[in-house]
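Novice: Listed below are the residues making up each chain.
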Amino acid sequence: MGANHDDHHHAPDGRGRALRLGVGGPVGSGKTALVAALCRALGRTLSLGVVTNDIYTTEDADFLRRAGVLDEERILAVETGCCPHTAIRDDIAANLDAVETLEHRFGPLDLVIVESGGDNLTATFSRGLADRQIFVLDVSGGDKVPRKGGPGVTTSDLLVVNKTDLAPLVGADLDVMARDARTVRGERPVLFTSIRQEPTAAAVATWVSDQVHAWSHDHAVPVS
Amino acid sequence: MNPALLLLTDSRLPAGGHAHSGGAERAIASGAVRDVPSLEAFLRGRLHTTGTATAALTAAVCAEAASAEPRWAALDAEVDARTASPAQREASTTQGRLLLRVARRVWPSPVLDGLARATPSPHHPLALGVAAHAAGATPGEAALAAAYHAVSGAATAAVRLLGLDPVAVHGLLADLAPDLAAVAAQAGLAAGAAGWEALPAGSAPALDLIAEQHAQAAVRLFVS
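These protein sequence lines are chains A and B, in that order.
Its first residue numbered 1, the first sequence is counted upward by one per residue in full-length UniProt numbering.
Its first residue numbered 1, the second sequence is counted upward by one per residue in full-length UniProt numbering.
Watch out, some of these pointers could steer you wrong.
[What the hints assert, rightly or not] Far from chain B, some chain A residues (derived; all Cβ distances over 12 angstroms):
1. Gly43
2. Arg44
3. Arg89
4. Asp91
5. Asn95
6. Thr155
7. Asp173
[As the list claims (entries may be wrong)] What follows is a list of derived Cβ distance ranges for each label pair:
8. Arg105(A) to Ala217(B): 21 to 29 angstroms
9. Asp13(A) to Ala206(B): 42 to 50 angstroms
10. Arg44(B) to Val184(A): 31 to 39 angstroms
11. Ala182(B) to Ala220(A): 52 to 60 angstroms
12. Asp71(A) to Met1(B): 48 to 56 angstroms
13. Arg12(B) to Gly16(A): 43 to 51 angstroms
14. Gly136(B) to Ala202(A): 51 to 59 angstroms
15. Leu191(A) to Met1(B): 52 to 60 angstroms
Hints in this document: simulated from the structure, not taken from any laboratory.
The beta carbon of each residue, even a glycine, is placed where N, CA and C say it ideally should be.
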């Protein structure tokens, strides 16, 4: 594997390829808005690709294409046969295929973002698909959600709590959410955002940018 | 029976099969499949047309994998010639590419690498037949896997889309067992006879038609 130039399959150790970042979370929490924000913030300095997993058709991919944050050829949509969590966790073949297709067409890339279909608190990305993952919640789901945990909240590399502008309207206490997240996540980072008010999600973009630089440093192709 | 066959036919094999319905989604949308009896008719029709052809092709591929210089381009063309619908060709080559990726990591072998070099996106019967050979299965066993694949994905999709009783649908698959054995035996004989052009070429115009309709549908859950 790997020696033939016509061979598109990547070796599993991750050398010489882009960082793969999973963005997951419940329906309506702002995953697609976050992906658009990251494209806006990072698209000028990094070479990007995006894979979306929609429940129906290609709605999220179309939203991103209309937003004009990235060349539309760099956005691929995967259909998930009624099971969005299967496509990111148990049977990642179609997503890997899409990621490798983007790298083959536009590579070398710095970052490929894989956005999951909206699912529940138990959906996480396989480590075979995503090197890092962000889990996106929003305050309108209730301030108890971080306490309830689930693998997305507890084990993701970054927890983003979005729509903070709505907190007073829905009676969500951000301090409670921060405290509960710290309890279940320990030292893993949590960032609060309002992508509506701040469309580049600067703090999240900085975190992602740091991950990309660390990845490329650790996974450079050895000079022979 | 070679135990590897159990892995190759398991719906949990992470090769992207879960996102394909084998025409079931469009057949359900058209009203042709609406309950367990109509699903049974659909599966029997599928098995005895396209299923019979793909089982024989898979057996021929598995036999060819043992030769010193396998003629993959010619066999891929035989599958093309038996697949009238462009949408079905696309579904077959997509699933073939995804299965090939998985097989190369699970059963590493020069013959799978050779197939990837000759045709990076082979039709599914090529990927399945070579994977079966690499896993130590016989052409007859490869044909049985192909025959089962021809009905199992569509059956699972119908359970998801119509909310059918999954036990009733598994009973239906169990009832099809003698037919699966007969199709596989016939495929093994056909693959052993002289001349690939004489392999079964049964097709179902209705399946071709709904595959094309599905590819153009605005709303769908499954790729095919």
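Novice: Against this structure, judge whether each hint is valid.
Specialist: Taking the hints in turn, this is what the structure says about them:
no.: 1; hint: Gly43; result: 29 angstroms, holds
no.: 2; hint: Arg44; result: 33 angstroms, holds
no.: 3; hint: Arg89; result: 10 angstroms, violated
no.: 4; hint: Asp91; result: 4 angstroms, violated
no.: 5; hint: Asn95; result: 9 angstroms, violated
no.: 6; hint: Thr155; result: 20 angstroms, holds
no.: 7; hint: Asp173; result: 38 angstroms, holds
no.: 8; hint: Arg105(A) to Ala217(B): 21 to 29 angstroms; result: 26 angstroms, holds
no.: 9; hint: Asp13(A) to Ala206(B): 42 to 50 angstroms; result: 47 angstroms, holds
no.: 10; hint: Arg44(B) to Val184(A): 31 to 39 angstroms; result: 51 angstroms, violated
no.: 11; hint: Ala182(B) to Ala220(A): 52 to 60 angstroms; result: 56 angstroms, holds
no.: 12; hint: Asp71(A) to Met1(B): 48 to 56 angstroms; result: 50 angstroms, holds
no.: 13; hint: Arg12(B) to Gly16(A): 43 to 51 angstroms; result: 30 angstroms, violated
no.: 14; hint: Gly136(B) to Ala202(A): 51 to 59 angstroms; result: 55 angstroms, holds
no.: 15; hint: Leu191(A) to Met1(B): 52 to 60 angstroms; result: 53 angstroms, holds
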